[in-house]
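These protein sequence lines are chains A and B, in that order.
FYI, the numbering for the first sequence is 1 to 394, going by this note's numbering.
FYI, the numbering for the second sequence is 1 to 373, going by this note's numbering.
No wet-lab data here; the hints were simulated from the structure.
Take these hints with a grain of salt, some might be off.
To be verified - Below, simulated EDC-like cross-link-like pairs (lysine to aspartate or glutamate); rule was C-alpha separation at most 16 Å, straight line:
1. Lys62/B x Glu49/A
2. Lys228/B x Asp301/B
3. Lys62/B x Asp351/A
As the list claims (entries may be wrong) - Just a few of them, taken from the derived set where beta-carbon distance is under 10 Å, the chain A residues facing chain B:
4. Ala36
5. Pro51
6. Leu302
7. Gln312
8. Ala316
9. Pro388
C-beta atoms are modelled at their ideal positions from N, C-alpha and C, and glycine is treated no differently.
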Amino acid sequence: MRCKQVASLVREWLTGRTRLALLLLAITPLNAAWSAPGVPASDAQVLAELPVGARHASMPARELSRSRLDIALPLAQFYLARSRASGDLRYLGYAESVLQPWVRHVPVPPEVLVLEATILQSRHAFDAALQQLDLALQAQPDNSQAWLTRATVLRVQGRYAEALAACGHLAAQADAAITDLCHHGVAGLSGHLRPAYAATLALPQQGLASEARAWRYSELGEMAERLGDDAAAEHWFTEGLQLAPEDFYMRAACADLLLRHGRAAETLQLLADYGSMEPMLLRIVLAHRLLGDRQGEQSRALLSDAFDVEQQRGEAVHRREQARFLLDVEQQPSAALVAAQENWRVQREPDDALILLRTAQAAHRPDAAAPALLFLQQQGLEDVRLEPYQRPVS
Amino acid sequence: MNTRAVLLASLALLLSPAAWAHVASNGFLVLQVHGQQLSGSIELAVRDVELAIGVDANRDGKVTWGELRAAEPQLMRYVAQHLSIGTPNSSCPIDFQSLQVNQRVDGNYAWLPFSAQCPQVVRQLNIRYSLMQDVDPSHRGLLTLVNGPVSQTGVLGGADAAALYSVDAPSRARAFVEYLQAGIWHIWSGIDHLLFLFSLLLPAVLLRNNARWEPVARARPAFLSILKVVTAFTLAHSITLSLAALDVVRLPSRLTESVIAASIVVAALNNIFPLVTENRARIAFAFGLLHGFGFASVLADMGLPHAARLICLLAFNLGIETGQLAVVLAVMPIVYALRTGVLYRRAIMPWGSAFIAAVALVWLVQRAFLPTG
Chain A
1 MRCKQVASLV
11 REWLTGRTRL
21 ALLLLAITPL
31 NAAWSAPGVP
41 ASDAQVLAEL
51 PVGARHASMP
61 ARELSRSRLD
71 IALPLAQFYL
81 ARSRASGDLR
91 YLGYAESVLQ
101 PWVRHVPVPP
111 EVLVLEATIL
121 QSRHAFDAAL
131 QQLDLALQAQ
141 PDNSQAWLTR
151 ATVLRVQGRY
161 AEALAACGHL
171 AAQADAAITD
181 LCHHGVAGLS
191 GHLRPAYAAT
201 LALPQQGLAS
211 EARAWRYSEL
221 GEMAERLGDD
231 AAAEHWFTEG
241 LQLAPEDFYM
251 RAACADLLLR
261 HGRAAETLQL
271 LADYGSMEPM
281 LLRIVLAHRL
291 LGDRQGEQSR
301 ALLSDAFDVE
311 QQRGEAVHRR
321 EQARFLLDVE
331 QQPSAALVAA
341 QENWRVQREP
351 DDALILLRTA
361 QAAHRPDAAA
371 PALLFLQQQG
381 LEDVRLEPYQ
391 RPVS
Chain B
1 MNTRAVLLAS
11 LALLLSPAAW
21 AHVASNGFLV
31 LQVHGQQLSG
41 SIELAVRDVE
51 LAIGVDANRD
61 GKVTWGELRA
71 AEPQLMRYVA
81 QHLSIGTPNS
91 SCPIDFQSLQ
101 VNQRVDGNYA
111 WLPFSAQCPQ
121 VVRQLNIRYS
131 LMQDVDPSHR
141 GLLTLVNGPV
151 SQTGVLGGAD
161 AAALYSVDAP
171 SRARAFVEYL
181 QAGIWHIWSG
191 IDHLLFLFSL
201 LLPAVLLRNN
211 ARWEPVARAR
221 PAFLSILKVV
231 TAFTLAHSIT
241 LSLAALDVVR
251 LPSRLTESVI
261 AASIVVAALN
271 NIFPLVTENR
281 ARIAFAFGLL
291 HGFGFASVLA
301 DMGLPHAARL
311 ICLLAFNLGI
321 ETGQLAVVLA
331 VMPIVYALRT
341 GVLYRRAIMP
351 WGSAFIAAVA
361 LVWLVQRAFL
371 PTG
């Protein structure tokens, strides 16, 4: 192949003069030469590798799902699972298109409402997700998936009392372990961190489904981290990722832990195959910054473009990451604060409080930190990572 | 860390399309208004094209350029069904040109350039966009609407398939200022023109005597030498810029970009192994002609408003000269002050030129030999 030959020639030519070439690469505006449309050199050049479920061949199944709920539901569930496992946002759209004809039904089947809510939750449209769940629960008061999703959404929003109530409704139908995890997770955020950690630790491992075991590790890791026991947290995250390598919330949490200890090389190793997801890409860029090398530059540009496109679309799925990107990479504390404030309006996890407190401090705007401080105090949320920002200014 | 490893890694990033970010599905619609005429392009991810119309003919889970190209007529029909552009009371039929491929952060895109002819001068544009909506309702079309110096963006698709955009003719004064700024900015950000200028300016404060460089004694000859070089460069690129902008001459951009890189290599090498030492203004003129085509392609990207073509061309050219003059005025006193030192003749002049030549050589390789797309 011609382009491969040229590429290897260029590579040889450059490596022969490594130092000079490095300098040159550093200042060469590559994008100018690479971004223009063109005609590929060979018919055999592969332009796209199609992931599962993204082929035109799936259209007959989709067509069938318009009239058959027993096909529509598993198909939408499949797309949602793919989205969760790959971080690929397109699958949310595919799931949405499968559900679309059923959303127009009167009444909407409750299972459809729950899946709709899951899509909305994945897009961080939490209030809209709760509306769908309410409708689903009116029709099916004992739909455990609806209660669990409701508990998750309320927890992310920082509405812990309501989240605990939702966990309570689970008790009647679900596995006792799921109910316990739901309960301890929320209790750990609202003033009972130590007992919740102990109770989660004490949950019997035997008989737990592997999803529940992974969830337990993820909760343990996060609680240990908030307690300041990073060694334990790392242990739990590592165990959990072995069980559920595709759980990228846990992977991102583990990466943050490593980054906090300056372990950049290990972070890169952990995220090696995950550069296609924006939150992971952010951590990769941060690791490269810690190492002081220039390899993160390309990723930084990709990330910046991705945030721009998201902004133009009027979406804010990754506001927390964007705030962190603006603060730690672009070093624009004021812009970072705006993003962190918008994020705080939508979601209130400990990491959301952390980024708001950090950006407010960096932008010298103590007033902007007030909503987060008040929230932490009212809920009794404990997190050693937040403590430096909670001390009264002397 | 081993520098070799670092380099290999960054090259791998550069040459392989692996580092893609997952974003939601987006199409990119660019529209440029020229009076009654529209030109533009629509871009859809190759993966989205597969989902919508099915191009993976051998069903191996990979879409090759051959497969995509074979589906070109089908793709054009699909786009024509789901994208229409018009004024409020009539439509502007789209005429597609041939399919190309554009590489974006999240993968390869099918890039379809087109033109469209409206029955009257466009004041308002009605855009109906329903591409991908049936298979992925979260797909959006990101619109860039360019009218001379003014550009606006918009989001298409979703619940409302149709959207109306108004295309106000910019005032002449506004257009003048915009194009002037664009010219200045192009010189300051277009590092290749600056490097070319630098390689001509570096020896301007020196004289070649018995195969050695010696500093000029007085300011006047140095000043005159610079004036000649800059004037020749300006004159030359103004000529070709005007010819190209007014559509009298047109060269493929890959050719002009490559030759511009080559011109920098030649000019810089001439400082190390001098062949032409007397009349550098001639080099400046000859190569200035080429750089003019480079400027013209920038202008072509911006588009010239129908009503004020000449004014805008003039403003853009004035901007280029202003930007260039500012650089010359900033650099020359420094160069003049340094000229008598050994550092200047032994280090800055030869090594600076070698550095410029090396950078330009990389550009030359990239622009002339590496595949775009």
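Outcome of the hint check:
no., hint, in the structure
1, Lys62/B x Glu49/A, "5 Å, holds"
2, Lys228/B x Asp301/B, "31 Å, violated"
3, Lys62/B x Asp351/A, "39 Å, violated"
4, Ala36, "5 Å, holds"
5, Pro51, "8 Å, holds"
6, Leu302, "5 Å, holds"
7, Gln312, "6 Å, holds"
8, Ala316, "12 Å, violated"
9, Pro388, "32 Å, violated"
Hints 2, 3, 8, 9, counting from the list given before, are not met by this structure.
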